[in-house]
Amino acid sequence: MLDSLPLILSFLMAGVPPTVLATVGGIALTVVLSAVAGLALVSRHRAVRAVSRVYVEFFRGTSEVVQLFWIFFVLPALVGYQIIPLGAGILVLGLNHGAYGAEIVRGAVRAVPRAQHEGAVALSLSPWDRMRRVVLPQAVVEMLPPFTNLFIQLLKSTALLSLVVVDEVVRRGQLLVPNLGVGEKLTIYLVELVIYLVLALLITAGMRLLERRAAARVGRVPATGVAT
Amino acid sequence: MTGGWDWAYAVEILPALWRGLQVTLLATLLGSLLAFGLGLVFAVVQRNRVAVLHRVVWAFVQFWRSTPLLVQAYVIYQVLPDVGITLGSLAAGVLALGLHYACYTSEVYRAGIEAVPPGQWEAAAALSLPRSRVWLAVVLPQAVPRVLPALGNYVISMFKEVPLLLAIGLVEVVTVARQLSAESFRPVEPLTLAGILFLLISYPASVVVRRLERRTGAR
Numbered sequence: 001m002l003d004s005l006p007l008i009l010s011f012l013m014a015g016v017p018p019t020v021l022a023t024v025g026g027i028a029l030t031v032v033l034s035a036v037a038g039l040a041l042v043s044r045h046r047a048v049r050a051v052s053r054v055y056v057e058f059f060r061g062t063s064e065v066v067q068l069f070w071i072f073f074v075l076p077a078l079v080g081y082q083i084i085p086l087g088a089g090i091l092v093l094g095l096n097h098g099a100y101g102a103e104i105v106r107g108a109v110r111a112v113p114r115a116q117h118e119g120a121v122a123l124s125l126s127p128w129d130r131m132r133r134v135v136l137p138q139a140v141v142e143m144l145p146p147f148t149n150l151f152i153q154l155l156k157s158t159a160l161l162s163l164v165v166v167d168e169v170v171r172r173g174q175l176l177v178p179n180l181g182v183g184e185k186l187t188i189y190l191v192e193l194v195i196y197l198v199l200a201l202l203i204t205a206g207m208r209l210l211e212r213r214a215a216a217r218v219g220r221v222p223a224t225g226v227a228t
Numbered sequence: 001m002t003g004g005w006d007w008a009y010a011v012e013i014l015p016a017l018w019r020g021l022q023v024t025l026l027a028t029l030l031g032s033l034l035a036f037g038l039g040l041v042f043a044v045v046q047r048n049r050v051a052v053l054h055r056v057v058w059a060f061v062q063f064w065r066s067t068p069l070l071v072q073a074y075v076i077y078q079v080l081p082d083v084g085i086t087l088g089s090l091a092a093g094v095l096a097l098g099l100h101y102a103c104y105t106s107e108v109y110r111a112g113i114e115a116v117p118p119g120q121w122e123a124a125a126a127l128s129l130p131r132s133r134v135w136l137a138v139v140l141p142q143a144v145p146r147v148l149p150a151l152g153n154y155v156i157s158m159f160k161e162v163p164l165l166l167a168i169g170l171v172e173v174v175t176v177a178r179q180l181s182a183e184s185f186r187p188v189e190p191l192t193l194a195g196i197l198f199l200l201i202s203y204p205a206s207v208v209v210r211r212l213e214r215r216t217g218a219r
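As you go down the protein sequences, you meet chains P and D in turn.
Here the first sequence stands for residues 1 to 228, numbered as in full-length UniProt numbering.
Here the second sequence stands for residues 1 to 219, numbered as in full-length UniProt numbering.
Just so you know, the hints here were simulated from the structure itself, not pulled from any lab data.
Fair warning: there could be bad hints in the mix.
Which stretches of chain P does chain D cover? Using the computed rule of at least three CB atoms under 8 Å from a CB of chain D, they are [as the list claims (entries may be wrong)]:
id: 1; region: 162–173
id: 2; region: 179–186
Computed from the model, here is a short list of chain P residues facing chain D with C-beta under 10 Å [stated by the list, open to error]:
id: 3; residue: M13
id: 4; residue: V66
id: 5; residue: I104
id: 6; residue: K156
Just so you know, even glycine gets a beta-carbon here, dropped at the ideal spot from N, CA and C.
Next comes chain D alone, as it looks inside the complex (with noise of 0.2 Å):
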């Protein structure tokens, strides 16, 4: 029956529901990455205005972050077959994710860049330093630091967000409670347990990114 709280089952479907999380984590972390990585390669094409590239990305970040990750892992995890590359849920999912918010970490390097000191550059200049060494030695030294607030913003705002590739089939935490209470037919521990696993993960995390935040002065 259906109804009521039950303690028994709560804590017996807390292990398979701690499994499920697990993937949602790993999930966040390798779409971190991908997103850190992806984005700032965004940000120094859009800087250093390579060729017609600059214009190219800047049309690519406008358009996909416009546009929901849901109809981006659909595009990743059933197109990309069709011309040879097929994926995984997994590694399609942390690709859409991966994608999606270095659209957003691009702006957020970009910004970081531009608060870099002129004097900065003209410095790196003056010492005709290469541009890879003034790039990873003089700029970025300065930039990253500073923006690493708002970056780890978007990697709770990412883990907030993995459940929805349980639509391309990803088993993480959600798709486990869905599983659980189809079982049971108890739909209220499994979905609620997984709500506050959320929240003891994304509050303690988002109270440290904002004591960060205070720290570098930065928004």
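The following block holds chain P by itself, in its conformation from the complex (with noise of 0.2 Å):
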């Protein structure tokens, strides 16, 4: 069975891309979306938190699965055009993991001690001076670690794409599992399960990286990870 490793490897490792650029797509978005969303629901006006609360339980509320086959199969019905697979993906991977970070974001913002807002008011700098200089980089930093794991659930989910037929590692085993023997399904999933552990891994790199930066900038020694 291991002579079919080669074959099996470089058969899935053509689905590496499609997977890596849906994941990156649908991190920017949801990067986008949590920022917006977030802040908006910590904003002063209740309307604008108000229609930022109903797109967060909106997407929050309905299943992933749901959410990609509607904008697959229902929206091409009402409006008439079909987005393309990878797109569709995409934007669901963003609309629904942005909810999710909506909320981190805005757990962070109110974690900023009250005398910081206070002390930004003191040396009378503008709301958005306020944020943007005080506020927001200390709470990058709470933010961080609960987006890498909200990126690493995102990653798992590019494999939901498979089922709208974008070609990505997972759809690529399955064209695979019927034309090779019993013996190397096994082979198949397990080259499979290790792409995504080494995906992951990367992005848990990545944000290890940006942890210590952003923690840097406030003068702090990240709580993770080794001080350099």
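Grab the two chains, each in its own frame, and use the hints to assemble them into the complex.
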């Protein structure tokens, strides 16, 4: 069974670029939506908070698979044209995880001590500068660890895109399974699992780097990892 | 024809969707029970430092929670029969859910166990209680209630992940919705209703968990 490993590897590795693209695209959209919706959740305006709350609860409350199928099958029936599968996938990944990310942002901003807000007011910084120069740099340090978990969830969710025939790792595995011998199934799936593990480790390593930078920026030694 | 919303059709398919939802709820319930039990075993094994087993469990937990549930479900449903273990869609799905979420619940229990004050362990040792009594009568009764809200959150997450088991043939609510839309060529009502059903259950559930969180004072 090991002689087919090179074939399995090369076939599955060809699925890595779409998986990575979906992950990176999903993460980019997640970051933007988390920031916008998260800051909206701590807005002074009730209407802004309400709109954001509806977005967050809606996307956290309905299943990701349903959201994916809805964009893939229902939207075309309603508006008459179909988004390309990878695009639909990135959209759903971003919208879904952005809703979870918004809660992370809200929690981190609210965890910044009140005295920091008051100090910024005393220095007569504008509301925008208060947020940008005082509150956010501190909040970001708190946000990064939970965002690492969220991004790994997102990476795992990209496997769902195989259900709407995006040519990513899992989909390619499914194409391979019926064509190889019985003993090869385990090899195929193990390779898939290892690919995801490596990608998850890469995300973790990248985020650790960011954590250290963000902590250094506000003059703190990071809680996790080794101080340099 | 597609497009627009047909109320008559929506009402007509509700009973079928409800039957599918019952399967989803059943898978969630059984998966949760397995995740609660197995996660506790993982946590206790790691805390007790059972020979090399605690390292194996630790490595497994780290690996299993970094990889997609969908692939794990395929492994359980398609590869296990090769070694003589053939499971139906529901059994395989529940096993996949339970094993995946046990990796999360074990971390939750671990935090709960660590929050039990050292004095409790020392007192139990001073009374020379047997190991099983230390766990069952002293540590767990203090650790578990504290982590109930966190466990509740994972039940809700699991509920929303059940639909991916359609890939291994589980006839849950989204599968039913897909079948209905294939028969009628109307995807709008079945899939929209499926989404609404999820929202109707998971939103109130998350409100309850949040209230529980506030009461226990733990996150």
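Results for each hint:
Under the rule that three or more residues need a Cβ within less than 8 Å of chain D, the assignment of the region 162–173 of chain P holds, with 4 such residues. Coverage of the region 179–186 of chain P by chain D holds. Counting CB-CB distances below 8 Å, 4 residues qualify, and the rule asks for three or more. The restraint placing P:M13 at the interface with chain D is violated, with a minimum CB-CB distance near 16 Å, outside the 10 Å limit. Because the smallest distance between the Cβ of P:V66 and any Cβ of chain D comes to about 5 Å, under 10 Å, the interface hint for this residue holds.
For P:I104, the interface hint is violated, since its Cβ never comes within 10 Å of a Cβ in chain D; the closest pair sits about 13 Å apart. With a cut of 10 Å, the hint placing P:K156 at the interface with chain D holds, because the nearest CB-to-CB distance is about 4 Å.
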